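Student: The residues making up each chain are set out below.
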Amino acid sequence: MQRPPPAVELGACPTDVATVLAPSRFRTGSPPRLCYNRVVKLRLTVEGVAARYGARLVFHDVSLEVRGGEALVVSGPNGSGKSTFLRLLAGLQRPDAGVIVYEAPGGACTPRDALPLIGWVAPDLMLYRDLTARENLRFFAAVRGLRCDDQALDLLLEQVGLGGRGNDRLATYSSGMAQRLRYAYALLHRPPVLLLDEPTVTLDERGAGLVDTLIAAQRRAGMVVIATNDPRELRYADLVLRLGG
Amino acid sequence: MDRAKDTGPEAPAVERPVRTDAAMPALLAAAWAVFVKDLRIELRTRYALNAMVLFAACTALMVSVGTTFIGLRRTEEALLIQSSLLWAAFLFAAITGLSRGFVQEEEARTMAALRLAAPPAAVYLGKFLLNLALLAVLGAITSLLFIVLVRVQVGSPLAFVALIGAGSLCLAAATTILAAIIARASFKSALFAVLAFPLLVPPLIIAIQGTALSLENAGLGPALGALQFLVAYSVATFVASLMLFRFVWEA
Numbered sequence: 005m006q007r008p009p010p011a012v013e014l015g016a017c018p019t020d021v022a023t024v025l026a027p028s029r030f031r032t033g034s035p036p037r038l039c040y041n042r043v044v045k046l047r048l049t050v051e052g053v054a055a056r057y058g059a060r061l062v063f064h065d066v067s068l069e070v071r072g073g074e075a076l077v078v079s080g081p082n083g084s085g086k087s088t089f090l091r092l093l094a095g096l097q098r099p100d101a102g103v104i105v106y107e108a109p110g111g112a113c114t115p116r117d118a119l120p121l122i123g124w125v126a127p128d129l130m131l132y133r134d135l136t137a138r139e140n141l142r143f144f145a146a147v148r149g150l151r152c153d154d155q156a157l158d159l160l161l162e163q164v165g166l167g168g169r170g171n172d173r174l175a176t177y178s179s180g181m182a183q184r185l186r187y188a189y190a191l192l193h194r195p196p197v198l199l200l201d202e203p204t205v206t207l208d209e210r211g212a213g214l215v216d217t218l219i220a221a222q223r224r225a226g227m228v229v230i231a232t233n234d235p236r237e238l239r240y241a242d243l244v245l246r247l248g249g
Numbered sequence: 036m037d038r039a040k041d042t043g044p045e046a047p048a049v050e051r052p053v054r055t056d057a058a059m060p061a062l063l064a065a066a067w068a069v070f071v072k073d074l075r076i077e078l079r080t081r082y083a084l085n086a087m088v089l090f091a092a093c094t095a096l097m098v099s100v101g102t103t104f105i106g107l108r109r110t111e112e113a114l115l116i117q118s119s120l121l122w123a124a125f126l127f128a129a130i131t132g133l134s135r136g137f138v139q140e141e142e143a144r145t146m147a148a149l150r151l152a153a154p155p156a157a158v159y160l161g162k163f164l165l166n167l168a169l170l171a172v173l174g175a176i177t178s179l180l181f182i183v184l185v186r187v188q189v190g191s192p193l194a195f196v197a198l199i200g201a202g203s204l205c206l207a208a209a210t211t212i213l214a215a216i217i218a219r220a221s222f223k224s225a226l227f228a229v230l231a232f233p234l235l236v237p238p239l240i241i242a243i244q245g246t247a248l249s250l251e252n253a254g255l256g257p258a259l260g261a262l263q264f265l266v267a268y269s270v271a272t273f274v275a276s277l278m279l280f281r282f283v284w285e286a
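Chains A and B supply the protein sequences, listed in that same order.
Here my numbering is used: the first residue of the first sequence is 5, the next is one more, and so on.
Here my numbering is used: the first residue of the second sequence is 36, the next is one more, and so on.
Bound conformation, chain B alone (with noise of 0.2 Å):
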């Protein structure tokens, strides 16, 4: 045999092992691989947003010939109705599908592969972010529905969209860490259901005050309270989760 072929030339080699917990940007590189790795694998199957998707279509759909049936006129109640309205569609589709990033790792069986990969916190913040993700296409889609069939009026559209985006970030930060509590569960959906709820229903009802008070006035400031509490929740949830998720996860 050729000894120089047999030694060859040395090809590019893996290069050193960083310790992804000694280094905040080797965590977040590794948690955005985490979420990139989750985006792939959700927009070749599609199986949390097609559901979500549909789920809020139909509540959109069902609301609208409701609503045209009764023929409801724009006073403060009618406002806090369809405001109560949007939030149960979004919140109802969201549930279908947020508990799928880590259901789906225990189903596939690929739970041990991520264990022994992956930093705990670089998980957590991954699925997060794929969480958030779907939320923002999902909480973008409601609202158009809803605006266009169900005809709901914006009065502040910047409210409005922060109220949106406020109120996801609730439910990524409570949902992410349920759905890590429930992956391994039997009756995954309905314990995921039993848990989020008390979780999130004090968040969503200042969401659907503040979402009303967007709808009839112009302007962030009447809307700024229920913001200013939706923030602040969804960080304390977020920063808690992120401290409790190591045992969860090891567990």
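If we strip away everything but chain A, and leave its shape as in the complex, we get (with noise of 0.2 Å):
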């Protein structure tokens, strides 16, 4: 069935939507765990999305919608788009055919305009090797428009789990270490969207329940995406997306 256009008008990330991403309070404790000011009213569109790499098509006609509270999960074989549907929902892809729209009080945008919403994390997603952990969170707070001391970075270093290694440089990190420290750059900014493109690949068994952890305290402040090939994942959905038949 075809559904209509969303009937909103696109513009640049709403000021509003700036001032709704009031940071948590980040609290100390044990197990790990983030707190949210409050639940960010929010809503994506996705209406018709089509991507293709060159002459292959691989996926089309893709219309959902999601609410804040809500999990997605992505699945499907590999090769099915996974990535590539969660790359349209980030803006890092322009989709080739349909329209993606995150609505939030003050107004809606296109993934391009929503940096200040989405956290992004990816077996594709690379940070500086040449810098510490500690450097990294730092720049990416500073690009984003951010005031962070030492002593936060540090505490959001210890809840993913990356405690007292934030001064080695990641050329000396794990894979999994590396990924821990993939989640502490999409949740800097607390985004009120959280993609998560194969979310406990490389973890261990205590990161994988940290990983649940933030999917939890996500659903609670916004909404998650999450593409996976694991069904176990598939626990996590409020909706499922299957991609590739």
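Careful, some of the hints might be misleading.
Non-contacting residues of chain B with respect to chain A, defined by C-beta distances greater than 10 Å in every case (computed) [stated by the list, open to error]:
1. A86
2. T94
3. A113
Just the calculated beta-carbon pair ranges, DEER-fashion [to be verified]:
4. B:A143 - A:P109: 36 to 46 Å
5. B:R219 - A:A175: 16 to 26 Å
6. A:D216 - B:L89: 50 to 60 Å
7. B:P237 - A:R116: 32 to 42 Å
8. B:L96 - A:R133: 32 to 42 Å
9. A:H64 - B:C93: 53 to 63 Å
10. B:F282 - A:H64: 22 to 32 Å
Short, incomplete list of chain A residues facing chain B, as computed with Cβ under 10 Å [claimed, not checked]:
11. R98
12. R116
13. L119
14. G123
15. L129
16. M130
17. Y132
18. L135
19. F143
20. F144
21. A145
22. A146
23. G149
No wet-lab data here; the hints were simulated from the structure.
Being a predicted model, the structure only gives us computed values, none of them experimental.
Where is the CB? At the ideal position from N, CA and C, for every residue including glycine.
With the hints as a guide, dock the two chains, each given alone in a separate frame, to form the complex.
Tutor: Structural data, given as structure tokens:
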């Protein structure tokens, strides 16, 4: 069934959205937990979206709607376009057809204008290997216009299980540690939309537990979209999008 | 579990995000962060600086051997030749390193992280500042090498330094946007040179003529026209690049 296009006027990410992104107060305690000031009223609308690589159509006519508090799981075999779909939601790629809109209090915007809303974790997300973890986070906080002191950054590192390793260069990190740092990068600005591509890849059991905690916290505060091959991760889903047949 | 410990004292939190495209100071702060990050990585790895300085030193040495062998006298033509050789060494040394800023982001696959976090204008400004800083160092080293090895005598040091500075500004403004364009292409180095030369030939001709005048004459006056052209060209290229960068960055 063809749905009508979203009846919203697109523009730059509304100022209200940045205001709504009132950051959490980090709290100490075990297990690490994330707290948000309030739930963001948010809606993601995907309408008739298609993506292709060269001549190959990866997927087409994808339409769905995700609301604040919900988790969407994107599943499908290798090459079905799960990662591509998340890149479209993050604004890192343009869809070949269709429209993606984030609606928040104060207006609506396309993914390209929704950078303050989005946190993205993916295996192909790379941070700077020649910088330390703390330098990486300090840099990304600075370019996002956040004012963070070292104590706050250390606390964030501790929350993702990298306490005491903040002064090590990423070149010395294992793949699991790099994955944990990706979470710190994605959560730095407390985004109401969290996009997770293969969220537990390379993580150990404790890391997987951390992801559980994060996803639960994110659902309370905004929305989460997970691309996965792992059938166990379907348990997070309020909605499931199956790509590739 | 101890309840007080569980909730714990609130740690200093990350403060409210400021939209970086909303205010110029925030944009400049983001640009400065990009510059500092790139400079820190460059100082740790020295990918660009080593290549550029090595190239400049080798060229100055070869030119010195050649001009000594010829026995170049201080005529108007000789000054023009010295000026041309200086700018040729400067340009080719710069070309080897100036594309690193964006190419390195692409090769290290850090582009996506940067695109998600930083406003495009801040990225351009940060990379531009890095290229300008590299060119300032390279310009100083190349000039010193030519003065010592090739025995270039400078008539007006002020005009000479101003021309090297204005030429560096031209190079930085033009090559920063080109580096962003070629970052995702194959044959990056070759493409960079092919795209850069048509943009750089007009200001280079003027820079060579102006530098020859600064070698020949005392005072800023004779080189003033060349200086004005170089500054105007830099400003035009810089403004156009800043306006176009978002489209290149998000392509």
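Student: Are the hints correct? Go through all of them and say.
Tutor: Do the hints match the structure? See the list:
1. Under the 10 Å C-beta cut-off, the non-interface status given to A86 (chain B) relative to chain A holds; the minimum distance is some 17 Å.
2. Taking the minimum C-beta to C-beta distance to chain A, about 29 Å, the non-interface status of T94 (chain B) holds against the 10 Å cut.
3. In this structure A113 (chain B) is separated from chain A by more than 10 Å, as the shortest Cβ-Cβ distance comes to about 45 Å.
4. Distance hint check: the CB atoms of A143 (chain B) and P109 (chain A) are about 37 Å apart, consistent with the given range 36 to 46 Å.
5. The beta-carbon spacing between R219 (chain B) and A175 (chain A), approximately 24 Å, falls within the hinted interval of 16 to 26 Å.
6. For the pair D216 (chain A) and L89 (chain B), the beta carbons lie near 52 Å from each other, so the given range of 50 to 60 Å is met.
7. With their beta carbons about 35 Å apart, P237 (chain B) and R116 (chain A) fall inside the hinted range of 32 to 42 Å.
8. One distance hint, 32 to 42 Å for the beta-carbon pair L96 (chain B) and R133 (chain A), holds here, with the actual separation near 35 Å.
9. A beta carbon spacing of about 56 Å between H64 (chain A) and C93 (chain B) agrees with the range 53 to 63 Å that was offered as a hint.
10. Taken as a hint, the range 22 to 32 Å holds for the pair F282 (chain B) and H64 (chain A), whose Cβ atoms sit roughly 26 Å apart.
11. The interface hint given for R98 (chain A) is met, as the beta carbon of that residue sits about 8 Å from the closest beta carbon of chain B, less than 10 Å.
12. Taking 10 Å as the C-beta cut-off, the interface hint given for R116 (chain A) holds, the closest approach to chain B being about 6 Å.
13. Taken as an interface hint, L119 (chain A) checks out: its beta carbon lies about 6 Å from the nearest beta carbon of chain B, inside 10 Å.
14. For G123 (chain A), the shortest C-beta to C-beta distance to chain B is roughly 8 Å, which falls under 10 Å, so the interface hint holds.
15. Proximity of L129 (chain A) to chain B holds as hinted, the smallest CB-CB distance being about 6 Å (cut-off 10 Å).
16. Against a cut-off of 10 Å between C-beta atoms, the interface hint on M130 (chain A) holds, since the closest Cβ of chain B lies about 4 Å away.
17. For the restraint placing Y132 (chain A) at the interface with chain B, the shortest Cβ-Cβ distance is roughly 6 Å, inside the 10 Å limit, so the hint holds.
18. Interface hint at L135 (chain A): satisfied, since its Cβ lies 7 Å from the closest Cβ of chain B, which is below the 10 Å cut-off.
19. For F143 (chain A), the suggested interface contact is upheld, since its CB lies about 5 Å from the closest CB of chain B, less than 10 Å.
20. Interface restraint check: F144 (chain A) against chain B, minimum CB-CB distance 5 Å, threshold 10 Å, status holds.
21. A hinted interface residue such as A145 (chain A) counts as satisfied when its beta carbon comes closer than 10 Å to some beta carbon of chain B; here the least separation is about 7 Å, so the hint holds.
22. A distance limit of 10 Å between C-beta atoms decides the matter here; for A146 (chain A) the minimum to chain B is near 4 Å, and the interface restraint holds.
23. For G149 (chain A), the interface hint holds, since its Cβ comes within 10 Å of a Cβ in chain B; the closest pair sits about 4 Å apart.
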